[in-house]
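**Q** Chains A and B are the protein sequences, given in the same order. Going from the first sequence to the numbering used here is simple: count from 1 and add 608. Going from the second sequence to the numbering used here is simple: count from 1 and add 19.
In short, the hints are calculated from the structure, not lab data. Among the hints, erroneous ones may be present.
Unchecked claim - SDA-like cross-link-like pairs, simulated, lysine to any residue; straight-line CA separation at most 25 Å:
#1 A/717 - B/381
#2 B/210 - A/654
#3 A/703 - B/175
#4 A/703 - B/193
#5 B/100 - A/627
#6 B/175 - A/624
#7 B/162 - B/176
#8 B/210 - A/700
#9 B/210 - A/627
#10 A/717 - B/175
#11 A/703 - B/394
#12 A/703 - B/391
#13 A/756 - B/23
#14 B/384 - A/700
#15 A/710 - B/387
#16 A/703 - B/274
#17 A/621 - B/123
#18 A/621 - B/176
Claimed, not checked - Some but not every residue of chain B turned toward chain A, in silico, with C-beta under 10 Å:
#19 110
#20 115
#21 191
#22 192
#23 216
#24 220
#25 277
#26 362
Bear in mind the structure is a predicted one, so any value in this text is a computation, not a measurement. C-beta atoms are modelled at their ideal positions from N, C-alpha and C, and glycine is treated no differently.
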Amino acid sequence: MTFSPQLEARFEKLLTSYPPGRQRSAMIPMLMYAQDELGCVSDELIDEVARRIGVTPLQVNEVLTYYSMLHRKPLGKYHVQVCTNISCLLYDGDKLYEHACKKLGITHKEVTADGQFSIEEVECMGACSWAPAIQINYDFHHYVTPEKLDQLLDGLRKKQ
Amino acid sequence: MLFNEPHPLETRVLTRRFGKPDTAAIEGYLADDGYQGFLKAAKMTPEQIIEQVKISNLRGRGGAGFPTGMKWSFVPRTSPKPKYIVVNGDESEPGTCKDRVLIENDPHQLIEGVLIAGLAVDAHAGYVYIRGEYRYLIDVMDKAIAEAYAKGWLGKNIQGTGFDFDLYTHTGAGAYECGEESALLESLEGKRGIPRIRPPFPAVAGAFQCPTILNNVETFCAVPYILREGGQAFADLGIPKAGGTKMTCLTGHVNRPGVYELKLGFPVKQMIEEVGGGMRNGKKLKAFIPGGSSCPVLTASELEGANMDYDSMAARKTMLGSGGVIIMDEDTCMVKAALRIMRFYAHESCGWCIPCREGTTWLKKILTRFHEGQGTRTDINLIGDIAKNMLGRTFCPLGDAAAMPTISIVEKFRDEFEDHLNGKPCAYEPAGVVTV
Ligand SMILES: Cc1cc2nc3c(=O)[nH]c(=O)nc-3n(C[C@H](O)[C@H](O)[C@H](O)COP(=O)(O)O)c2cc1C
Ligand code: FES
Numbered sequence: 609m610t611f612s613p614q615l616e617a618r619f620e621k622l623l624t625s626y627p628p629g630r631q632r633s634a635m636i637p638m639l640m641y642a643q644d645e646l647g648c649v650s651d652e653l654i655d656e657v658a659r660r661i662g663v664t665p666l667q668v669n670e671v672l673t674y675y676s677m678l679h680r681k682p683l684g685k686y687h688v689q690v691c692t693n694i695s696c697l698l699y700d701g702d703k704l705y706e707h708a709c710k711k712l713g714i715t716h717k718e719v720t721a722d723g724q725f726s727i728e729e730v731e732c733m734g735a736c737s738w739a740p741a742i743q744i745n746y747d748f749h750h751y752v753t754p755e756k757l758d759q760l761l762d763g764l765r766k767k768q
Numbered sequence: 020m021l022f023n024e025p026h027p028l029e030t031r032v033l034t035r036r037f038g039k040p041d042t043a044a045i046e047g048y049l050a051d052d053g054y055q056g057f058l059k060a061a062k063m064t065p066e067q068i069i070e071q072v073k074i075s076n077l078r079g080r081g082g083a084g085f086p087t088g089m090k091w092s093f094v095p096r097t098s099p100k101p102k103y104i105v106v107n108g109d110e111s112e113p114g115t116c117k118d119r120v121l122i123e124n125d126p127h128q129l130i131e132g133v134l135i136a137g138l139a140v141d142a143h144a145g146y147v148y149i150r151g152e153y154r155y156l157i158d159v160m161d162k163a164i165a166e167a168y169a170k171g172w173l174g175k176n177i178q179g180t181g182f183d184f185d186l187y188t189h190t191g192a193g194a195y196e197c198g199e200e201s202a203l204l205e206s207l208e209g210k211r212g213i214p215r216i217r218p219p220f221p222a223v224a225g226a227f228q229c230p231t232i233l234n235n236v237e238t239f240c241a242v243p244y245i246l247r248e249g250g251q252a253f254a255d256l257g258i259p260k261a262g263g264t265k266m267t268c269l270t271g272h273v274n275r276p277g278v279y280e281l282k283l284g285f286p287v288k289q290m291i292e293e294v295g296g297g298m299r300n301g302k303k304l305k306a307f308i309p310g311g312s313s314c315p316v317l318t319a320s321e322l323e324g325a326n327m328d329y330d331s332m333a334a335r336k337t338m339l340g341s342g343g344v345i346i347m348d349e350d351t352c353m354v355k356a357a358l359r360i361m362r363f364y365a366h367e368s369c370g371w372c373i374p375c376r377e378g379t380t381w382l383k384k385i386l387t388r389f390h391e392g393q394g395t396r397t398d399i400n401l402i403g404d405i406a407k408n409m410l411g412r413t414f415c416p417l418g419d420a421a422a423m424p425t426i427s428i429v430e431k432f433r434d435e436f437e438d439h440l441n442g443k444p445c446a447y448e449p450a451g452v453v454t455v
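When you get a sec, could you build the whole thing from the sequences and use the hints?
**A** Structure follows, in structure tokens:
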């Protein structure tokens with residue numbers, strides 16, 4: 609498999625970041641950074657990462673299923689994550705989530721037909737004092753009202 | 020970048036540089052006495068460094084509040100194995116968003132804290148484990164680390180002291196359990212985040228089975244001040260047995276939610292009324308969680324005379340925890356709150372041990388049906404019984420974290436459970452979409 613030069617550089621750094629014989633440590637970061645570039649964790653990627661860190665593909669698969677941010681299928685181009693955990697709930701995060709589902713016509717972990725959006729109800733994302741909070745891909749948005757959410761999503765739709 | 024206005028009642032030690040232009044850059048840090056604590060430490064013996072940390076009365080800020088100096092003294096410094104420093108930046112305890120602010124605004128303060136820990140136990144490498152959702156902070160940290168190498172504050176023979184240290188970031192990938200120290204170490208080794216049996220503790224067999232100091236981000240960030248100004252100065256900021264300040268995340272129904280740095284022992288009432296600007300819409304306070312959703316809940320009357328410190332909270336059978344304060348007003352449905360908290364633990368239980376895996380799942384199911392009006396009277400006791408049977412019987416404290424708030428809510432707000440049975444409309448309305 610070939611990756612972008614930036615990703616190759618990251619991999620190279622990761623493979624030397626851990627003590628000798630401990631290259632397996634690089635597995636999760638490699639999968640995360642590769643997923644950002646490729647959209648999801650494919651069978652091919654599993655084989656490649658396994659080869660580079662010297663474990664079996666099964667060992668990679670066994671680990672990646674544990675982590676909620678590693679995906680085997682592509683998400684939408686914009687992955688909308690709405691926190692409904694307790695501090696956000698106190699600011700109607702649950703209603704915000706329902707609003708987002710309605711607006712996009714999809715629900716938890718679904719992707720729109722055009723592949724542009726996906727949605728996920730997520731646990732606390734560390735934005736509790738600026739609730740309710742959402743993340744679109746890795747970008748945080750704080751104090752999100754339904755109106756602000758509409759604006760954000762409409763803006764992204766236009767950008768396509 | 021700041022997220023909320025600072026408050027005059029704050030004591031700005033860890034946040035002293037916040038608000039300055041480009042606070043994350045090394046030049047500004049150096050201009051503000053940055054790395055001076057490290058230079059001082061480099062002239063001291065490891066015993067002297069640990070002594071200062073002990074004098075400071077610094078206690079772990081990740082939730083458990085274990086005395087930091089004592090933890091460091093458990094590391095067998097003369098072991099022939101390499102030693103490691105691991106920073107816990109997994110920050111996933113609901114209600115908690117302080118480590119994020121510390122890394123974003125002053126990453127060099129964290130690096131300096133790690134270096135001092137390295138000197139204290141003769142470690143020469145460290146890892147900053149940051150939750151996957153905080154990707155931008157990994158970039159902030161990577162940039163700060165690169166600056167530190169470029170200016171000779173990391174790498175070989177740092178500033179001519181003869182001390183070598185390498186520091187790396189390591190991303191998580193979405194798992195609350197990876198904040199638990201032994202699960203974090205598993206994750207760092209490229210495995211599922213499942214807790215290890217202890218003893219041995221990380222101080223003896225941590226990262227790569229080598230002696231390891233593992234602390235929370237905020238704990239490390241307090242260390243530069245302690246070395247720069249002296250352990251006593253830090254101790255004097257707080258109260259006996261608990262030195263310094265606590266990064267406090269005010270969340271929920273107050274007028275000014277935000278992250279504030281308050282002296283340990285800060286009165287709860289003043290925190291809510293003055294720092295937080297009082298209850299939103301003039302409502303009454305119904306429930307208070309001092310430090311993340313894992314802590315037992317307090318009622319308004321239990322807050323009389325309470326202070327934000329370990330002992331004051333322990334006296335009320337709860338914990339200071341992570342500093343994630345969750346404030347709920349009179350319109351909050353406590354059944355719904357209990358349900359949402361339990362959905363979190365059921366989602367995050369790693370599945371390794373049965374009492375936690377089954378207990379959280381059953382509690383989620385029962386609370387869901389209860390909140391939807393399908394509960395029975397026996398369910399109320401059943402919820403309490405299941406939770407009590409989990410307490411102390413799980414492999415790691417995640418099971419306790421799920422049980423403790425649940426037990427306290429059922430005990431203290433039993434009438435709200437009764438109301439749900441009596442067909443009274445829920446104060447907050449029916450449960451939202453339950454997707455898991
Ligand atoms: C389920 C669970 C989750 C935890 N999550 C975190 C976390 O996100 N950040 C953290 O610093 N400590 C967390 N802890 C506490 C750590 O196990 C550990 O006590 C702490 O990082 C030690 O650092 P300290 O002494 O500086 O507090 C968690 C503990 C448990 C049981
Ligand atoms: S509860 Fe939503 S970000 Fe913490």
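**Q** Evaluate each hint against the coordinates.
**A** Taking the hints in turn, this is what the structure says about them:
Distance hint between residue 717 of chain A and residue 381 of chain B is fulfilled; the C-alpha atoms sit about 23 Å from each other, no more than 25 Å. A threshold of 25 Å between alpha carbons decides the hint, and for residue 210 of chain B with residue 654 of chain A the separation of about 15 Å falls inside it, so the pair holds. Under the criterion of a C-alpha separation no larger than 25 Å, the hint pairing residue 703 of chain A with residue 175 of chain B is inconsistent with the structure, at around 53 Å. Proposed proximity of residue 703 of chain A and residue 193 of chain B is supported: the alpha carbons are some 23 Å apart, at most 25 Å.
For the hint pairing residue 100 of chain B with residue 627 of chain A, the CA-to-CA distance comes to about 12 Å; that is within 25 Å, so the pair holds. Taking the CA atoms of residue 175 of chain B and residue 624 of chain A, the gap is about 16 Å. The hint holds against a cut of 25 Å. With a CA separation close to 21 Å, the supplied pair residue 162 of chain B and residue 176 of chain B stays within the 25 Å bound. The hinted pair formed by residue 210 of chain B and residue 700 of chain A fails the criterion: a straight-line CA distance of about 36 Å is larger than 25 Å.
Restraint check: the Cα-Cα separation between residue 210 of chain B and residue 627 of chain A comes to about 16 Å, which is no more than 25 Å; the hinted pair holds. For the suggested pair residue 717 of chain A and residue 175 of chain B, the alpha carbons sit about 47 Å apart, so the restraint of at most 25 Å is broken. The suggested pairing of residue 703 of chain A with residue 394 of chain B holds, with an alpha-carbon distance near 24 Å, which does not exceed 25 Å. Distance check on the hinted pair: residue 703 of chain A and residue 391 of chain B sit about 16 Å apart at the alpha-carbon level, within 25 Å; holds.
Restraint check for residue 756 of chain A and residue 23 of chain B: the C-alpha separation of about 19 Å stays at or below 25 Å, so the hint holds. This hinted pair checks out: residue 384 of chain B and residue 700 of chain A have alpha carbons roughly 22 Å apart, not beyond 25 Å. At roughly 23 Å between alpha-carbon atoms, residue 710 of chain A and residue 387 of chain B fall within 25 Å of each other, so this suggested pair holds. About 21 Å separates the Cα atoms of residue 703 of chain A and residue 274 of chain B, which keeps this hinted pair within 25 Å; it holds.
For the hint linking residue 621 of chain A to residue 123 of chain B, the alpha-carbon distance of about 23 Å falls within 25 Å, and the restraint holds. Simply put, residue 621 of chain A and residue 176 of chain B have alpha-carbon atoms about 21 Å apart, close enough for the 25 Å limit, and the pair holds. For residue 110 of chain B, the interface hint holds, the least distance from its beta-carbon to any beta-carbon of chain A being 5 Å, beneath 10 Å. Below 10 Å, beta-carbon pairs count as interface contacts, and residue 115 of chain B has one with chain A at about 7 Å; its hint therefore holds.
The restraint placing residue 191 of chain B at the interface with chain A holds, with a minimum CB-CB distance near 7 Å, inside the 10 Å limit. Using the Cβ-Cβ criterion of 10 Å, the hint placing residue 192 of chain B at the interface with chain A is satisfied: the shortest such distance is roughly 4 Å. For residue 216 of chain B, the shortest C-beta to C-beta distance to chain A is roughly 19 Å, which exceeds 10 Å, and the interface hint is violated. At a threshold of 10 Å, the smallest CB-CB gap from residue 220 of chain B to chain A is about 20 Å, leaving the interface hint violated.
Taking 10 Å as the C-beta cut-off, the interface hint given for residue 277 of chain B holds, the closest approach to chain A being about 5 Å. This hint holds: residue 362 of chain B has a C-beta 9 Å from the nearest C-beta of chain A, less than the 10 Å allowed.
Hints 3, 8, 10, 23, 24 from the list above are not met by this structure, while the remaining hints are.
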